[in-house]
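A.B. asks: Sequence:
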Amino acid sequence: MNVAKELVARKGPNGTTVRDITEASGANTAAVNYYFQSKDALVRLATQEITGEVNQQRLMRLTEMEEAAGGKALTPRQILEALIEPILTCSRSSDGGSLYVRNVFQMRVDARAGYNNFNINSHVAHRFIKAMQKTFPELDLEDVTWNYEFARGTSVHLLANLDPVSRRFEHLMTPSNEELPQSPRFKLDKNAVERVISLILRGFGSPL
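Just so you know, we're using the working numbering here: the sequence shown kicks off at 1 and counts up by one.
Just so you know, the hints here were simulated from the structure itself, not pulled from any lab data.
Incorrect hints may appear among the rest.
Stated by the list, open to error - Calculated pairs, DSSO-like style, for lysine-lysine (alpha carbon to alpha carbon, straight line, at most 27 Å):
no.: 1; residue 1: Lys-72; residue 2: Lys-130
no.: 2; residue 1: Lys-11; residue 2: Lys-39
no.: 3; residue 1: Lys-187; residue 2: Lys-11
no.: 4; residue 1: Lys-134; residue 2: Lys-72
Using the sequences provided together with the hints, build the complete structure.
C.D. replies: In structure tokens, the structure reads:
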């Protein structure tokens with residue numbers, strides 16, 4: 001399962017084959033079929049575990065913050081911390097990247113692959129939108145939903161640029177006639193998440 005999660009997040013559900021999984025894990029095709037019945041079932045479970053772990057932590061943090069607030073609205077920063085910081089601690093790749101971020105991008109690339117977990121995880125989005133409605137009482141549901149998707153999409157996009165596979169920020173900052181440094185300059189860490197949160201906070205505000 002751990003190998004399947006790594007491969008699915010990096011190559012996508014359709015790009016990952018049973019052979020990829022068995023070669024990387026040392027298992028055999030018969031074992032995959034015996035325990036999971038099919039590649040589709042294994043890949044679907046792998047994607048559910050990747051997103052489920054992060055979303056479980058998100059809900060737990062949001063609930064703890066709401067209970068501590070005693071019924072008062074959370075600050076925008078608190079909501080963003082609950083939404084983004086679990087990406088740091090859950091579903092991390094063996095090379096330091098985020099399986100969750102990689103998986104989200106793969107689902108966007110192949111949205112019709114049939115592995116999308118939105119229906120399974122939609123309750124998480126609704127919980128955050130409900131919290132944001134309380135935080136932004138001047139906004140209607142449509143504007144709050146835009147704020148939520150802006151925060152979620154921006155965080156995934158920016159954190160993906162720190163991925164040790166893409167290192168997009170470093171590519172953008174390195175002149176075309178120079179080689180990329182061997183050691184990554186940026187890491188997916190607390191400082192990176194804080195920078196992302198600060199940028200998103202600038203974008204929150206009143207409707208146009």
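A.B. asks: State for each hint whether it applies.
C.D. replies: Structure-based check of all given hints:
no.: 1; hint: Lys-72 to Lys-130; verdict: holds, 13 Å
no.: 2; hint: Lys-11 to Lys-39; verdict: holds, 14 Å
no.: 3; hint: Lys-187 to Lys-11; verdict: holds, 21 Å
no.: 4; hint: Lys-134 to Lys-72; verdict: holds, 8 Å
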